[in-house]
Amino acid sequence: MASKLLANFQSNFQKSKEEELSLEKYLDLCKKDKLTYASSAERMLATIGEPEHVDTSQNSRLSRIFLNRTVRVYPAFKDFYGLEDTIERIVGFFKHAAQGLEERKQVLYLLGPVGGGKSSLAERLKELMENFPVYTLKAGDDISPVYETPLGLFPADKYGDEIEKEYKIPQRYLTG
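Mapping of the sequence shown onto UniProt numbering: position 50 corresponds to residue 50, and the numbering continues sequentially without gaps.
It should be emphasised that the hints constitute simulated quantities derived from the structure, not laboratory data. Model, not experiment: these values are computed from the prediction. Ideal Cβ positions, reconstructed from N, Cα and C, are used throughout, including at glycine. Careful, some of the hints might be misleading.
[As the list claims (entries may be wrong)] In silico lysine to aspartate or glutamate, EDC-like type, Cα no more than 16 Å apart, as pairs: (1) LYS138 with GLU20; (2) LYS118 with GLU84; (3) LYS138 with GLU19; (4) LYS118 with ASP79; (5) LYS165 with ASP28; (6) LYS78 with GLU127; (7) LYS105 with GLU42; (8) LYS78 with GLU50; (9) LYS138 with GLU24; (10) LYS31 with ASP161; (11) LYS32 with GLU164; (12) LYS32 with GLU166; (13) LYS31 with GLU162.
[Claimed, not checked] So the derived label-pair ranges between C-beta atoms look like this: (14) LEU67 with GLY92: 15 to 23 Å; (15) SER22 with ASP79: 38 to 46 Å; (16) SER3 with PRO155: 49 to 57 Å; (17) ILE65 with GLU166: 50 to 58 Å; (18) LEU101 with LYS31: 22 to 30 Å; (19) LYS4 with GLU166: 42 to 50 Å; (20) PRO113 with ASP28: 46 to 54 Å; (21) LEU21 with VAL73: 35 to 43 Å.
With the hints as extra help, turn the sequences into a complete structure.
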């Protein structure tokens with residue numbers, strides 16, 4: 001039992017450990033995994049996962065609650081009951097932000113009555129966001145105060161075509 005505990009601790013520690021990469025290694029990693037350079041909204045969608053469609057007309061209890069609609073249930077939020085519409089709106093927010101629409105510049109704001117599950121949803125979103133690493137610039141011992149992506153070093157007009165051809169990174173991710 002103790003060895004299982006230590007193995008679990010070590011696994012969690014390895015996941016949360018900071019690691020330094022050269023710019024070359026980062027770009028090679030980008031070539032292999034799109035989530036390396038993905039926006040926070042794209043990473044959030046990846047960790048939320050695809051919904052399971054539930055036809056509530058097949059269940060007499062659910063049909064009264066959801067008016068015989070087909071409801072999307074996301075695996076990441078399987079423990080949240082009665083918040084399906086709210087979760088769908090949150091996922092919609094992240095989908096639009098991932099597409100680069102107006103939501104990418106907005107802050108997700110949870111508003112509702114006391115006891116409505118806002119804090120629980122926020123905690124779950126925080127847990128989900130921690131599932132994927134975030135890559136930021138670092139100079140010496142100083143990490144970028146705005147957690148700028150390493151792709152911010154490359155202006156799209158100068159390096160866009162070359163980076164897209166060599167590393168398969170779309171130019172819209174180059175923020176330099």
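Status of each hint after checking the structure:
no.	hint	result
1	LYS138 with GLU20	holds, 8 Å
2	LYS118 with GLU84	holds, 13 Å
3	LYS138 with GLU19	holds, 11 Å
4	LYS118 with ASP79	holds, 14 Å
5	LYS165 with ASP28	holds, 13 Å
6	LYS78 with GLU127	holds, 14 Å
7	LYS105 with GLU42	holds, 14 Å
8	LYS78 with GLU50	holds, 12 Å
9	LYS138 with GLU24	holds, 14 Å
10	LYS31 with ASP161	holds, 15 Å
11	LYS32 with GLU164	holds, 13 Å
12	LYS32 with GLU166	holds, 12 Å
13	LYS31 with GLU162	holds, 13 Å
14	LEU67 with GLY92: 15 to 23 Å	holds, 20 Å
15	SER22 with ASP79: 38 to 46 Å	holds, 41 Å
16	SER3 with PRO155: 49 to 57 Å	holds, 51 Å
17	ILE65 with GLU166: 50 to 58 Å	holds, 53 Å
18	LEU101 with LYS31: 22 to 30 Å	holds, 27 Å
19	LYS4 with GLU166: 42 to 50 Å	holds, 44 Å
20	PRO113 with ASP28: 46 to 54 Å	holds, 49 Å
21	LEU21 with VAL73: 35 to 43 Å	holds, 37 Å
Violated hints: none; the structure is consistent with every hint.
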